[in-house]
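Top line first, the protein sequences correspond to chains E and R.
When we follow our numbering, the leftmost residue of the first sequence carries the number 1, and every step to the right adds one.
When we follow our numbering, the leftmost residue of the second sequence carries the number 1001, and every step to the right adds one.
Because the hints were derived from the structure by calculation, they are not lab data.
Some clues are possibly wrong.
[Said to hold, decoys possible] One side only, chain E facing chain R, incomplete, derived with CB under 10 Å: (1) Arg10; (2) Arg14; (3) Phe16; (4) Asn19; (5) Ile102; (6) Val127; (7) Leu216.
Using N, Cα and C, we set each Cβ at its ideal position, and we do this for glycine too.
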Amino acid sequence: MAAGSHGQVRLFWRSFSRNQLALAGGVVVGALVLVALGAPWLSPHDPHRPDVKKILDPPSRAHLLGTDQIGRDVLSRILYGSRVSLAVGFVSVGIATALGVILGAASGYNGGIVDAAIMRLVDLMLVFPRFFLLLAVLAFLQPSIWTIMAVIGLTGWMGVARLVRAEFLSLKEREFVIWSQSIGASAFRIIWRHTLPNAMAPVLVAMTLGIPAAILTESGLSFLGLGVQPPYATWGNILNDGRDSIEIAWWLSVYPGLAILITVLSYNLLGEGIRDALDPRLRQALGRPARDGR
Amino acid sequence: MIPYALRRVALAIPLLVGITFISFLVIHLAPGEPVELQTGDLGIKSSAQAIESLRKLYGLDQPLYVQYWSWVTRLARLDFGRSFAPDGKPVLQKIGERLPITLFLNIIEMLLILALAVPIGVLSATRQYSVFDKITTVFVFVGFATPDFWLALLLMILFGVQLGWLPISGLRSPTWEFLSFWRQHWDFLSHLVLPIVVATFGGLAGFSRYMRQSMLEVVRQEYVQTARAKGLSEQAVIGKHALRNALLPVVTILGLSLPGLIGGSVIVESVFAIPGMGQLMVQAVFSRDYPVIMGNLVIVSTLTLVANLLADISYGLVDPRIRVGRRGRS
């Protein structure tokens, strides 16, 4: 953060480190990133190699979380699945944030007709039940991890746009902005150097809470069979496979969902912790933590 | 009140036009024309007739504005075209068959959420930091993080497979016809239990949290202190003065969260094989039944728009400050 002189970082840390739940969330999020990066070394088996002799084996010492319909190791598939979740979470939230910041900044800085137009667009996008919109768009595209990232990002920028706009509306009345205008600084420079850095705190929180929402959405789509396609292992499509064997192989349905739960919970705890530590006032502005992005 | 309501309606009209516009854009998202996609992509040899009907439906050889205009005028006459499925039914009829069960489930779900979230929120707000409050806070966080399809699978394993108490798919048992009158109703209800539990669970977390927050804000207001100061019982202070005001914002949130609830029915309906709008949508996406997809998108978002509008208007009805105020939703 640009506002991050040492004093502010220390203030933030003092308040954040007192929140044990948020710390725990942060530790788990960090561990999950390491797991995703280290999946090839951590996995006990090849996640894609079938084994006809071990079809639907219950959890055992050789396969801690059991095997699936074609004998693949579930633990390894879940470890590899974390890469998809993480990638989708980061990239789609990146897209959504970039769009939201650009549109929100344009809206808040310019005001007037630009503002009205962008805010009506936000209203419009929010009228579509997101899951229906995602499904409709995916029906016209080839499902791949890239299209999933793109559509989740393109349908998730509205919250950030509103936040950035609100920050800009109050910031542009402040002296340092008015002074910069009076000495003839360009709009781009004022936004980039002065207002945007000061508006980043809520955006950072929205990003942290946006990642779990994107992960939930991706796993929902993959669960329906419309997300990331096999043979890629994702938490959603392992659950989708498990649906057919629900009467004989509970481990296929239980463990991947547990992975989603732990991941989303940790990001939400971390995000709320950051929010409270940055500024208790944001509690109201940002409202509730991420549920799925529907 | 009337001018306020009219103003809200006037604001909704451009959104309605916007809905058709975005939906129209979606048709043209595909890199190729949807006709090619439909025939080439799935490796199905569509009959020349089907291709012709698609071309005619969207007028794909005409300029974009002509296509849009003819599409919108057909929508205005409630002509959504015919499904590509072998039955070839009109889209509107297909949606009409599916809509009631989805609406039914959503209304029950909303009533349940309200009935549970309000007392939970009030109790945890009036006893902030008590054991009850802490337990509900944990519940809220876990509730937010639980994927609904996973919860559905867990409940199916527990109540359907292990205990065998409840049916896990569809709306009726295969033997339904042969059951007595009361048994038929019981059968239908028992099929609804798990879907409703799953759908309610997700929304409950959000609403009880929201209710708690709203209540916490209200009990700090001066008129609540005044009510206490004049010697009213705690019950009267909370139940009459505070609760009414704390409920106000919840009305709006309920309206605004409707797209989420309806969207959630996609998952619930496909897991439990309930023949509603959500399942129709998923089936249409798999079979690339474009007229059904577009019809679904337009109708579901229009319904959402109407629900938001009603929430807005009823908010104005119960809270006079809103009618005069500058409260835009943006």
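Status of the hints after comparison with the structure:
no.	hint	verdict
1	Arg10	violated, 28 Å
2	Arg14	violated, 22 Å
3	Phe16	violated, 18 Å
4	Asn19	violated, 13 Å
5	Ile102	violated, 17 Å
6	Val127	holds, 5 Å
7	Leu216	holds, 6 Å
In this structure, the earlier hints numbered 1, 2, 3, 4, 5 are contradicted, and the remaining ones agree with it.
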